Amino acid sequence: MVNIIAGILVVLGALIVIIGLIGVYRMPDFFTRLHAASVVDTLGTMLIFAGLIILAGFSLISVKLLLILLFILFTTPTAAHALAKSALHGKLQPVLKEKV
Amino acid sequence: MLELATALILLSMLLALVSAIIGKTVYDKILAVNIFGTITVLFIAIFGFMTERPEFLDIAMVYALINFVTTIAILKFFEYGDMGRSSRLSEDVDI
Numbered sequence: 001m002v003n004i005i006a007g008i009l010v011v012l013g014a015l016i017v018i019i020g021l022i023g024v025y026r027m028p029d030f031f032t033r034l035h036a037a038s039v040v041d042t043l044g045t046m047l048i049f050a051g052l053i054i055l056a057g058f059s060l061i062s063v064k065l066l067l068i069l070l071f072i073l074f075t076t077p078t079a080a081h082a083l084a085k086s087a088l089h090g091k092l093q094p095v096l097k098e099k100v
Numbered sequence: 001m002l003e004l005a006t007a008l009i010l011l012s013m014l015l016a017l018v019s020a021i022i023g024k025t026v027y028d029k030i031l032a033v034n035i036f037g038t039i040t041v042l043f044i045a046i047f048g049f050m051t052e053r054p055e056f057l058d059i060a061m062v063y064a065l066i067n068f069v070t071t072i073a074i075l076k077f078f079e080y081g082d083m084g085r086s087s088r089l090s091e092d093v094d095i
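Heads up: the sequence lines are chains X and Z, in that order.
FYI, this note's numbering numbers position 65 of the first sequence as 65, with every residue one higher than the one before it.
FYI, this note's numbering numbers position 47 of the second sequence as 47, with every residue one higher than the one before it.
To be clear, the hints were calculated from the coordinates, so they are not data collected in a lab.
Being a predicted model, the structure only gives us computed values, none of them experimental.
Hints are not guaranteed to be accurate.
[Unchecked claim] Quick look at which bits of chain Z chain X covers, simulated, 3 or more residues with Cβ under 8 angstroms:
{"no.": "1", "region": "7-21"}
{"no.": "2", "region": "45-58"}
{"no.": "3", "region": "67-78"}
[To be verified] DEER-style ranges, computed between Cβ atoms:
{"no.": "4", "chain 1": "X", "residue 1": "LYS97", "chain 2": "Z", "residue 2": "VAL62", "range": "38 to 48 angstroms"}
{"no.": "5", "chain 1": "Z", "residue 1": "VAL18", "chain 2": "X", "residue 2": "VAL63", "range": "31 to 41 angstroms"}
{"no.": "6", "chain 1": "X", "residue 1": "GLU98", "chain 2": "Z", "residue 2": "LEU17", "range": "27 to 37 angstroms"}
We put the CB at the ideal spot given by N, CA and C, even for glycine.
Work out the full structure: start from the sequences and follow the hints.
This is how it looks when you write it as structure tokens:
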């Protein structure tokens with residue numbers, strides 16, 4: 001029973017990853033693509049790791065998984081911010097009605 | 001269940017690679033490679049649980065660190081042309 005719940009969470013996380021990447025493929029601009037890609041890093045990672053933590057039980061492995069999850073949650077928005085700032089500095093214009 | 005998730009994640013790795021190849025600007029490609037690294041971390045974790053060897057999580061943690069540092073270093077390289085003052089330092093010091 002516990003295995004089935006954990007398996008469903010992991011498969012759901014993998015589906016979220018695919019949905020996020022389809023969004024990256026279909027978006028018209030770089031900044032919207034960056035926004036769609038952050039879905040993969042937060043929701044997909046959290047669902048998959050939640051499923052794996054339920055599968056591992058209460059042991060050292062769950063603590064390691066939690067640490068990896070915390071690190072990914074802290075660093076991927078930082079990398080996205082650095083990408084956006086670097087793109088604006090490199091004079092990449094977003095698709096807007098007015099000029100940035 | 002885990003085998004199905006592994007197959008889906010491999011498919012998404014292929015999607016990320018295609019998105020890196022057909023990216024129009026360089027920032028699109030850097031974003032796609034960053035996503036590929038995060039998906040690799042997920043794949044290592046799931047694969048470790050699938051083969052009953054959870055010791056793979058140490059590799060996943062190391063690769064998450066490497067992925068983040070590499071993205072920041074590549075962005076710095078594209079903005080400034082070099083990584084830090086390593087090429088300019090030799091003119092100031094006469095060692």
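Each hint, compared with the structure:
no.: 1; hint: 7-21; result: holds (count 8)
no.: 2; hint: 45-58; result: holds (count 6)
no.: 3; hint: 67-78; result: holds (count 5)
no.: 4; hint: LYS97/X x VAL62/Z: 38 to 48 angstroms; result: 45 angstroms, holds
no.: 5; hint: VAL18/Z x VAL63/X: 31 to 41 angstroms; result: 36 angstroms, holds
no.: 6; hint: GLU98/X x LEU17/Z: 27 to 37 angstroms; result: 36 angstroms, holds
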